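A.B. asks: Sequence:
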Amino acid sequence: MNSKQVMTVFAGTNGAGKSTLSRLMGQIVGTIIDPDKIAKELNPESPRSADLAAGREAVKRIRALLAANMNFAIETTLSGSFALRHMQMAKEQGYWIALYYIGLMDVQMHIDRVASRVEQGGHWISETDIRWRYGQSLQNLSPALGIADEVIIIDNTDAPTIIAEIALDQLLHCVEEPPVWAMRVLDRYK
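Each residue of the sequence shown is one higher than the last, beginning at 10 in my numbering.
Since the hints were made in silico from the structure, they are not lab data.
All the given hints hold, so there is nothing to weed out.
Taking lysine-lysine and the DSS-like style, the derived pairs with C-alpha atoms no more than 27 Å apart in a straight line are:
#1 Lys100 x Lys69
#2 Lys100 x Lys46
#3 Lys49 x Lys69
Bear in mind that the values here come from a model prediction, so they are computed numbers and not experimental data.
The task is simple: from the sequences and hints, build the whole structure.
C.D. replies: What follows is the structure, given as structure tokens:
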């Protein structure tokens, strides 16, 4: 059992299922920092126009939680350096970093799920942004694995399925045939 403070990272391209997973684990992980939710709080009519301010507010909240040495979680597409920087900062402070990466069969499925979410009143992300984030997110997964102490990789194409478990950079479990989107990152453990 881990006795350190824990930073939990729910990562994956828009539409993968991060928010669903973080809601299910909310009681366990502590305060959840979700820039999309913050943007909606700042500007309910036009959350996308508040993205920069939401990012700044997310940084403030994360730093306050680190200073208070509290367990917390973040939701991220992992498409930029924001999450990687904060994971490294928390690790240097002695936190245990738990990463849950959620992916779907292909980028089109992410686009379709976001469109479906919008129809149900959820937030919109442009197709161009989703396509860009998809590639960047998978690219940033490799350095994230190098920072995280514990990693669970989940394929959510049909139903959430754990396809790999990694602890302290050692592959503990991997399905026989991982989905194509995960193969590049899992190849490093062969």
